[in-house]
Every structure is written in C-alpha cells, then in structure tokens.
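A.B. asks: One letter stands for each residue in the lines below.
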Amino acid sequence: MTTPAEAVPEVRKDGSQHKQKQMIADHFSRLARAPRTGDKCVYTFVPGNLTELLLSFDLLPVLPEINALQSGMRGKSREYISLAEKQGHSEDVCTYVKCDLGMMKSGNVGPTGEKIPDPDLLLLSYTGCFTFMKWFEILRQEYGAPVAMLHVPYQGDGEITAAMRDYVVEQLRRNVIPALERVSGKSYDEDRLSELLARSARAEDDLVWVLESAKNRPSPIDAYFGGVYYIGPIFTAFRGTDEAIDYYRELRAEVEQRLADGRGPLAPDGEIEERFRLVVEGPPNWTSFREFWRMFADEGAVVVASSYTKVGGVYDTGFRHDPARPLESLADYCMGCYTNLNLPRRVELLSRYVVDYGADGLLVNSVKSCNSFSAGQLMILREVENRTGAPGGFIESDLVDPRYFAASNIKNRLESYLQMIDQKRQAGGTA
Amino acid sequence: MKYTVGIDLGSTTTKAVVLGDGGEILGRGITNSRSNYAVACEVALVEALIAARFGLVERAMAGLEADESIRRAWLEQLQEGLRLGQYRAQLDSLGAVLAREARGSGLEAGVREIMDALGAEAPQLYGPGTARQSDFFRDLSGSRYRHFASIAASGAPGLFDPLVGLFDKSILEVENSPAAGEFSSLVRAALAGLDGVPGALRGAVEEAAAVPLELAVSVGTGYGRATLPFPKEQIRSEILCHGLGAHAMFPRTRTVLDIGGQDTKAIQVDPQGIVTSFQMNDRCAAGCGRYLGYIADEMNLGLHELGPLAQQATRTVRINSTCTVFAGAELRERLSLGERREDILAGLHRAVVLRAMALLARSGGVADEFTFTGGVAKNPAAVEALRQLTAENYDGPTLNISPDSIYTGALGAALFARRDWQRSLN
Amino acid sequence: MTGELELVVAEAEELFRDLRLGAVRRWKEETGGLAVGYMPIYVPLELFHAQGVMPVGIFGGGDQLEIIRGDAYYQSYICHIPRSTIELGLNGAFDCLDGMVFPAICDVVRNLSGMWKLQFPDRLVRYLDVPQNFDPEVGGRFYRAELESLAAELAARGAASYDASRLRESIAVYNELRGRVRDLYDLRRREPWKVPTHELYVLLRASVVQPVEASIRLLDRYREAALAADERRPMDQARVLVTGSFCEQPPLGLIRTLERSGCYVVDDDFVQIHRWMECDLPTGGDPLASLVDAFLADSVASPVRYIGEETKGRALLERVERSGAEGVLFCAPSFCDPALLDQPMIVAAVEAAGIPWTAFKYAENNGQFQVIREQAGTFSDSIKLWSD
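Residue numbers (the working numbering), protein chains in the order written: chain A, 5 to 435; chain B, 445 to 870; chain C, 4 to 391.
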C-alpha cells in the first residue's frame, strides 16, 4: 500500500521539475482566487485544448483530466470513484470521469487544497475520445454551465482533408469564439492569438529537442515517467506563455548538461543506469505512479519514447502552431493529437519510435478506462513486432482506479518481458 | 557431487528439481505451498534431495545380485519406510503443538486420544502398494485427524469443531517450521524397520548416503516469485523457466501452454528454448484451473473426475462465460434447463480451452511442436478439446504432455542455475 | 393465417441466424453488385442503394458464434461486439462483403475501423464521421463532404457513380421501409400481444441482411398475418420501454425472457437504423441535402449524438409518453461507453418524472437469464401492483 504522501514522486527531482510544480501550483492558486478577481474559468480537455485561444480572452483553463490524475496521485481517487459509483455511474466506464465527479461532490478541492471554481463555460473539445462528450454532458447537468462544442473529426483515413479543417475552423468561428466572447466579455483578437501561437511554437521546438534527446545512449531522459512532467506545462494551461518558453529552455539546458555528462535520467530513487530501452504505448497508472516507475527503474529500463506524451499534441513529426494561420493551425493541432490518429498511423509512429530510438521493444500499458487507447492495442503490438522484429510486452492497469493496479501481476509481466529481452540478447551475443 | 537446483514456488504446490554435475536430473520434490515460502522451498528441496539419494541408491543397487523386480521391491519398501519415518516425526511435532494449544481447554484428553490413534495407524498408511490420499502432511494428517476427531466426539458432538479448530491452528505452526529430513538418519531408521535386508542393499544405502551433495547454484521462480526466499539475481521469471523447461523435456517445442491454478501462460520459444514472446491471462482467473475447481466443488466431484466425466458427453453445450464468479450460477441454470451434466462439462472444458486459445493467438499462435503443461494438462477432456481446436486452427501440431509436466518450471529454473554455475566457473 | 405468421417469422429468423450472409451472397450472384457492411447505429443506406450497392447490417455474432480468434484482439474490459465482428471477418463469413463502413459510435468501433484497415488492406474500409455540430452551414457542410467522398469511394470500387435522380428513388424506397417499420411499432404500441417483440426483432434483424425490397415484402406479409391473428389475446403484462441496446444487440433469449417475465416491450432502440429519422425524407429536390438535413434535424436522441442545448432525458420521457410505457428498462451491454455513460443522466430524468425503472447489463452471447428473469419479473409485478 502506498500512502498519499508516498504516491507523489518528490524524492529526487530535477530543477525543471521544481519549476514545473511551482507553475502548476501558481495556476491552481490563480484559479482559487478567481471568484475574487473575477477571472472566468473554462473547463476543457488536454487533447485538442485551445489554450492560446482561451488565453487570448484572458480566460483560465481548468482541465478535469489533470485534476483526476492529481487525485489519483494524492490517493483520493478510490474514495471519489466509489462516491460516483454509489450515485449510479457504472463500474465499466472511465475512472477519470468518476474521479472528477466524486471530487466535485466532495467540494472540488484541488491538489493545492483550495477549491477549484465552478466553470463559467464547458469547452467541449471533442478530440480523440468519445467519453469527453458524455463527461461534459454530465458536467453540464451538474453545474448548469453553458457548453461550447468543438467536434474534431477523426483521422479515419489517416489524413487531414480540407473539408475536415474547414469544419473545425468554421466551428471555431461560429460557435467557440462567440461563446468565449460571451463569457469573457471581450472581442476576439486574432493578433493576440497569433502572438501566443508564435510563443507556443518556440516552446514546442525545445520540447521536441528534449524528447528526441532520448535517441542518445544512454538516454538522458525517461520519456514516459519523466515525460509526463515534461509535457505538463505545454499540455495544460501554459502553451503560448512566456513561462512555458522559459520552462522548456531551462529543461533543455538541464538535459543538455546531463547529456554532456553522459548521465541517465533521474528516477525518484536516483539515477537510472540504462539496461533496457523501451517504447511505451498507453497512459501510465497514477495511483501507484512511483511504484510503477520504480519497477522499471530497478531493472534499468528507460523509456525512450511514448505515445502518452503525444496525447496533447504530436510535435515530433513536424507540426508547430503557426501564427500565420492561427485558426487553421489550431484545427490541425486538434486533429493531429495522438488519440485522433487511426490505428495504421499509430502503428507507423510506434514502429518508427522503436527503430529511430534504438529500442529493445514496445511495451503496452493497457488501461481499463481508456478505450480510445486500449481498443486495438493487442493488434498494434503484433503489428509493431512484425514490422520492427523487436519483441512486444503487455501489461494492464488503470488510470486512477487503484483496484486495477495489481502490483505483483504487473511486476511479474514486466520482469518476464525484460528477462526475455536479456535472454535474447545473450543468445545473440550482443549483451 | 555439486548439484544445481531449481525451485518453482506455485500458488498451490512448490516444486524442486535437482540436477547433477553432468546436468542429469537427480531428483524431484514437491510439497504444498504455505504461508512461509522459505519453508515451502526448503521442504521441496529436501524432498528432491531425498529422491536424488534414492536415485543414487538405485544406481548402487546394480551390485545387488537379484533381478529387477526384487530390487524394485526393496527400493519401494525402503522409500515407504522412510516416508513413514517422516510422517511420524511430523506427527510428533504436531502432537507437541496440539498438546500445548489444548492446555486448559478441556480438549486435552480428546487430543491425546486422536494422536494415539494417528500414531497407531501410521504403519498401515505406508508400505508397498498403499494408496494414500495425499503425500502432503497437511492433507494426509488433516483428513485422518478429522476421522479420529469424529470418533472422539461421537459421544459429545460439540467437541468435533473445537478439535478440528485446534488442528487448523496447530498445523500452520508445524508446516511453517523448518523441515526435518536428514537422509542418512531417516534411511537408517527405515532400514532398521525392514527384515532380512541383504548386505549389498545396506552397502548401497551407505554408499549413497555418503556421497557429498553440495549445492552449487539455486534459481527460484514461480507465482510467489516476488517474495521468493532467494537473492534477486537468483530469481528468474516463470515464463523463461517454463520455456526452457519445456524445451528440455521436448527439444522440438516451439509453443508452450501452461494452465495452472491461478494463471494461464502462452509462450513461444526458439529452437534453443529462448522465449521470443508470451502472453498471460489478465487479472481475473477466468478460464484457469481454479475455475474447474469451482465447478468440481459445485458438482461435489473431485477435480480429477471432471475430465473423464466430460468425455462421456454426447454433445457439447455452449458455455460463453468462464467467469469463476458466475460458474456456479451458469451450471445450475444449465442443469435446471435439463442439460446433461456430462454435456455441460464438455462445454465448460471447451470454454476453458478457448480462453487459452485466445492467449495463444495473442502470443503468436501455435507452432509445431506444442507442449502443454500445468495441472490442467492432466485433465483428459481439456487435452482433447485443445487437440481438436489446435488441429482446426493450426494444422494439427504435435502435442506433447509430460507426466512430469508439473516440474516444467522447476526444471527450467534448475537449467538456469546450471548455466549460472558454469558461467561462474569460466 | 397462423401458419403464415409462423412462416414469415421462421423466414426472418433464418436470415437473422445466417451469420454467413446467404441472402447477400445470393443477391451478389444475381446482380453482380457490391455489398458493403456497416456497424450498427446510423449510416445513409439510401446512398448505397442509389449506387447499386447492398448495405449489410453487421450487428455482431449473437449467442451462436463461438469466439476462437476474436478474443485475441481484445482485453477483457471491452464489449463483445468487436470480438464477434473480428471473428466473423477472420472466419470468412464476410467474404461476400466488398467493404465495411464504421459509423461514429464510440472509440471501440472507431478503432475497429483502423484494425480492419490493417487486417483487410485490400477492402474498402471507411470510418464515417457524422457531425456533432448541427448547424447546416457547419456540420451540414462537413457531412455533405463526407457523403460525397463516400460516394466517390464506392464508385472507385466499381459501384455506379452518384446520381441525384437515383438517390431520390432510393430515398423513396427507404421511406417505404421506414413507414412499414413505423407501422409495426405503432401496432405493437397499440396491441403488443399481436406483435411480440421477439418476432418484431428478428424481422428487423432480417431487414438489414437482405435487399430492402425483400424486407418491405416480408414486413407486409408479417403485418397482414399479425393483424389477422385473433387468437393472440391481451395478457396482464407491464408495458415497458427498453433502452441502451442500440449497438451490441441483446440475445434473442433475453428479449424472450423479458416477455415471459411479464413485460410488453412497447418501445425500444434495437436495430434503430430504420427509425433513426422519425419522418419520411423528401423525395424531391437535392437528395444529398435531404440526407444531410434529415440527419441534422430529425435524428433520434441517441447517446452517440451530442444533444446540444436540449435537456438530457427529455427525448426519452417523450417516448415513454408516446408509447404509454409504464416503466423503463435500462438494458445496456457490458462495457458500452455510450449507453453506460448516458445512463445516470437519463435515470435522473426518469426518476424526476416518477417513472419506475430498473437496469441490467448483458453481452450479446449471454446464455443465462435467470437473474434478468427475476429482476424483470419483479419489476413488472411491481408496476402492475402500482397501477392497480
């Protein structure tokens, strides 16, 4: 059993991690002050988030997924989920939703101990996840707040067509922007949006550099457990801000230094000595995040690339927010998020990661909550194995439901998988 | 002689395989798993070493001028005598704990009466050709204890439950205490109990007892692997051990299926027995051996009776759920609909094998040759269903099942131990 | 006439049970046309029909299909219909299909479209993204582009090119079918003993695996025979509305169980495609615009659709009112995101309206109904008790 205090990784941290934590804490404080300052809050989702657009109206984003995962890390999710289930929410469905509802019913107290204000608007950016739509229908019923719906079409054929882009841009113009104008009392200012987007692109450049640093041996970063910290600012409330630019510049310098020193990534218990290089598909478990990471770190397994760090935007294939075509590039951003990619594209991306990052194989962490990720993962695994020749591994857990984190089961499979890789290497004489 | 050992700590049984310095199997040992893993492993090892010594006795008995059947008969008498000695020693420990626990409870006389009866009947439980319900002390002494407890309580039925309660409490301490089992003293006592022992046999026993057996390396694996009483570097994944063990038993093995009590594993190995891919069942134990256990309980049958009964089916009822939670309900509903028990059982076995087929497909399919291990491999109806489904879906690969398949993981672990040992020598 | 009734139902049941799609194979041999499968919920059947393509409803494998390979593709916490669909795809049942269309139901079906692309790279595989924005200038424009691209894709595979006058004709044909289905639902609403749901259900299932013209004839024969079945007398049963079963379908045994437990099903969302739009579509004008407008304005309030500013549950309450249902059965497949995420909101509305309800889950291959029998029996008894 982990206690809530243990569940939050805070033993050994990089400077960037402290900065990140401070940024997020400041954001929550700003949210808590909103009822007094008169700032308006817009609830929205990580995939397909329109942070620059919100910031251009001086609106504060609230991300219920992040709140849910924070609740998971703080050891609160069991109680929240159970509360939602008692109120009739099915045991079969997404635990982020139930955790969020349980938190709301328990006073909506965020990770800093302050109450998160009610939404002034629910910006339903319906991107890559069916559950999002239901989630905000439920929240609309709970809060009585207005909803602005942005339907982001799926890349069923693996591409973004002009019709798809027009559809998103038209929704932004006709539905989303007017809703934001109503709630903020301000007019849409495209120049301001463009400035924000230009800043986004700068931070994105540094983020991509950091993620790609894992191509080095040893990798200076862990692109999954460490990666979730790196993506924090840009996936949440900070894309388009100077703070994000600073954070990613600092992070990059930190990683450059580690690279120059030939050092591996920093895990909660210290630096990892790289023995295995893995690509991981699927979100992590949050309730036992540290224990989960330790299982990898203890074996010298470093994650060199992951799909989860692309859930709020795929930047390493060239996309950047573009100040010259603000709404179009927001549309492309939304449609390009990882879970909005069809399965053949996911297979291509993961196969390329295995090859480009010199990984020993692809490991899938299949979470019960998230069908957008999980449905088809077994096939993805087999396809990537076939294409790369690197062996695949499969473990199962959940996002924030501690009932679905069976530590010994996961450890057993993970170690079996790593030992298999090791045995293969020894047989191949490359150990 | 230096030996290496592999120990497989399973959810129900713990197995040990001892290899000689030439890599040959010297002995196998098995015991019931218990809360103290270290003791379970030690008992399994002691059993395997006793078996190893008997192997040496058997070899040394080649000098005994008698034909094969007579040599076998002597060996069997000796083994049974040794088992009796072990049983009695454990009864003594049990008696001591029971006496202590019973103190002041008013059950002292009852306990004494039962223990006396257990001691008195012990020789009848052992001997050439006797069939015991179990070789595990907990099971054997438990069932006999209950038998005599019911006699002791025949005049006062209220005594039975407290008496059994005492046993349940005491057996934990007895079986979690370090194993007593030194071969030479046990075998000498056994010899003393036999009449007309030929001198050559006595010599063979002394010779075998005198061989120094020295542990080189041990490797552990199994369900309780995370808490195995071995240093980390001496632990190997059960997947790897099963793969290598199956390869050792059937060198042409390319696919291994293991259906145990708690989990099911589908493993692909290369021509050297190296695992190339594997899949395990998810958290729930649907479709594992445990499921058949529930069914057996529900039908009031022994686990071993299920398969043969299912083979008498005239048709196979379609069972769509192998959920252990719903097993009983599904069974009762089928029975209430007038389905024959045999036909339902045939369907249940097929359902279990279908679950395994899904894992096999996930791991990469079924290649020739195909080795089936684990407790369910002993079930003829499951084997038949597996044979049929693999024939229909994978061009009928050769299906291997070893009578020693329960030792597959331990054998693989022993082979890993041997590799580690050889590496350390170089 | 009873003989005819049994004959029609038997004919429908045979079509429904025929997972190898014999009627589709026969139609293809006769006409040489293309056949394209579609997953449940809504696809524009008229468009396929107009291009000479037979749309074939793929509603899972039911309780008769043994899953041998399908489970290798899915974790235990995912619903059953994609397993059986994959199983049928792999075992050759769909060899007669030239393609598959996956409508926007949920993430599982959406991802299945990609799996299908990987598994059957030579076939037409299409994810049909229907708009969740119902502004004709926004969602309407997008949907029209989707339909045009679907039409072009079908033509590229050898179907007839898109032709407006043919689409108008096809809309008329499907109006006929929709009308027949509507009539039977009306009849069942008025005299549920005349149209048992287990019969109506197999007729609907048959209607998605044979040519539309044949479906119309079958429904006509059934209606005539059912109206004449005077020996079918009303019984003291509770009138219930069943909701939640719009994608993975309940096994027929479950529907029979509900009826035997004392329930008349007077409205449901089984095989909803012919009732997706409650009105006939215009047979004149720009037919693509008719399809688009009808989708935007007249679609049912399915959990797979965003309902905008409407009140959650209002549509269901209206259906309860119209059907004269005395209670609501929430009957959803296990792990069905759309149904199960929607349910608490709808339950709240139903409860606020004082309508009795109960809920249970199923999988398409369930074989045991004891619990449901008891639950539905208790439910219908309590309704009858209250109404007395």
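These aren't lab readings, by the way, just hints derived from the structure by calculation.
A couple of the hints might just be wrong.
[Unchecked claim] Computed cross-link-like contacts, SDA-like style, restricted to lysine to any residue with a CA-CA straight-line distance of at most 20 Å:
hint : chain 1 : residue 1 : chain 2 : residue 2
1    : A       : Lys90     : C       : Glu140
2    : A       : Lys415    : B       : Pro673
3    : C       : Lys387    : C       : Glu377
4    : B       : Lys676    : A       : Met299
5    : B       : Lys676    : A       : Lys219
6    : A       : Lys428    : B       : Pro715
7    : B       : Lys676    : A       : Gln423
8    : A       : Lys428    : B       : Ser455
9    : A       : Lys190    : A       : Ala149
10   : C       : Lys315    : A       : Ala36
11   : A       : Lys44     : A       : Leu64
12   : A       : Lys90     : B       : Pro695
13   : A       : Lys109    : C       : Thr361
14   : A       : Lys415    : B       : Lys676
15   : A       : Lys415    : B       : Glu486
16   : A       : Lys119    : A       : Lys219
17   : C       : Lys315    : A       : Gln423
18   : C       : Lys315    : A       : Asn413
19   : B       : Lys676    : A       : Gly148
20   : A       : Lys428    : B       : Pro673
21   : A       : Lys219    : A       : Glu146
22   : A       : Lys428    : B       : Arg867
23   : A       : Lys415    : B       : Pro675
24   : B       : Lys676    : A       : Ala149
25   : A       : Lys90     : C       : Thr361
26   : B       : Lys676    : A       : Glu303
27   : A       : Lys428    : B       : Arg696
28   : C       : Lys315    : A       : Gly148
29   : C       : Lys364    : A       : Glu146
A.B. asks: When you check the alpha-carbon spacing of Lys219(A) and Glu146(A), does it fall within 20 Å?
C.D. replies: violated, 46 Å
A.B. asks: For the pair supplied as a hint, Lys428(A) and Pro715(B), is the alpha-carbon distance within the 20 Å limit?
C.D. replies: Holds, at about 12 Å.
A.B. asks: Assess, step by step, whether the Cα of Lys315(C) is no farther than 20 Å from the Cα of Gly148(A), and give holds or violated.
C.D. replies: holds, 12 Å
A.B. asks: Taken at face value, is the distance from the CA of Pro673(B) to the CA of Lys415(A) at most 20 Å?
C.D. replies: holds, 17 Å
A.B. asks: Does Thr361(C) sit within 20 Å of Lys109(A), going by the straight-line distance between their CA atoms?
C.D. replies: Outside the cut-off at roughly 24 Å; violated.
A.B. asks: Mind checking the alpha carbons of Lys315(C) and Asn413(A) for me, to see if they're no more than 20 Å apart?
C.D. replies: violated, 41 Å
A.B. asks: Would you check the hint for Lys428(A) and Pro673(B), treating anything up to 20 Å between C-alpha atoms as holding?
C.D. replies: This hinted pair is violated, its Cα atoms lying about 27 Å apart.
A.B. asks: Given the hint that Lys90(A) pairs with Glu140(C), does the C-alpha gap stay at or below 20 Å?
C.D. replies: violated, 43 Å
A.B. asks: Against the 20 Å threshold, does the CA-CA distance of Lys364(C) and Glu146(A) hold or violate the hint?
C.D. replies: violated, 25 Å
A.B. asks: Take a quick look at whether Lys415(A) and Pro675(B) sit within 20 Å of each other, Cα to Cα.
C.D. replies: holds, 16 Å
A.B. asks: Mind checking the alpha carbons of Lys676(B) and Met299(A) for me, to see if they're no more than 20 Å apart?
C.D. replies: holds, 13 Å
A.B. asks: Does Arg696(B) sit within 20 Å of Lys428(A), going by the straight-line distance between their CA atoms?
C.D. replies: holds, 18 Å
Checked against the numbered hints above, the structure violates hints 1, 5, 8, 10, 12, 13, 15, 16, 17, 18, 19, 20, 21, 24 and 29; every other hint is satisfied.
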